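Going by my numbering, the sequence shown opens with residue 1, and the numbers climb by one from there.
Under the rule of at most 20 Å between Cα atoms (straight-line distance), these lysine-lysine pairs were calculated in the PhoX-like manner:
(1) Lys71 with Lys59
(2) Lys71 with Lys103
(3) Lys71 with Lys98
Because the hints were derived from the structure by calculation, they are not lab data.
Predicted model, so just to flag it, every value in this text is computed and none were measured.
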Amino acid sequence: QMAKLDAAPQKRLTDFPFRPGGKFFFFSEENNLKTMTKKLNDGTEMPILGLGTWQSKPKEVEEAVYHAICKSGYRHIDAAQIYGNQDEVGTGVNRALKDSGLKREDLWVTSK
Numbered sequence: 001q002m003a004k005l006d007a008a009p010q011k012r013l014t015d016f017p018f019r020p021g022g023k024f025f026f027f028s029e030e031n032n033l034k035t036m037t038k039k040l041n042d043g044t045e046m047p048i049l050g051l052g053t054w055q056s057k058p059k060e061v062e063e064a065v066y067h068a069i070c071k072s073g074y075r076h077i078d079a080a081q082i083y084g085n086q087d088e089v090g091t092g093v094n095r096a097l098k099d100s101g102l103k104r105e106d107l108w109v110t111s112k
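Work the whole structure out from these sequences, hints included.
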């Protein structure tokens, strides 16, 4: 008896291998890009994926930063004074720290 062929299964992000440092692995709850870090020369661990705030719309970046930290699990925020939104980014970070119970040292904020 022949088995019935189903349509090809949908690919998910977790189905594709990722090669950090030349090693293949698959994403999972434990291997999450938002929580993965890269060890720098000084021993500091920097999250490899961050929320970029460049060209963020005024009045939206604060909520985006808050959501990224509290709802999506980001621990890296990429910001710069030249972007002109540092007050909103700071307010979003402060709100997130207050509401999430995280400490400032739990976040990596890139500023240029």
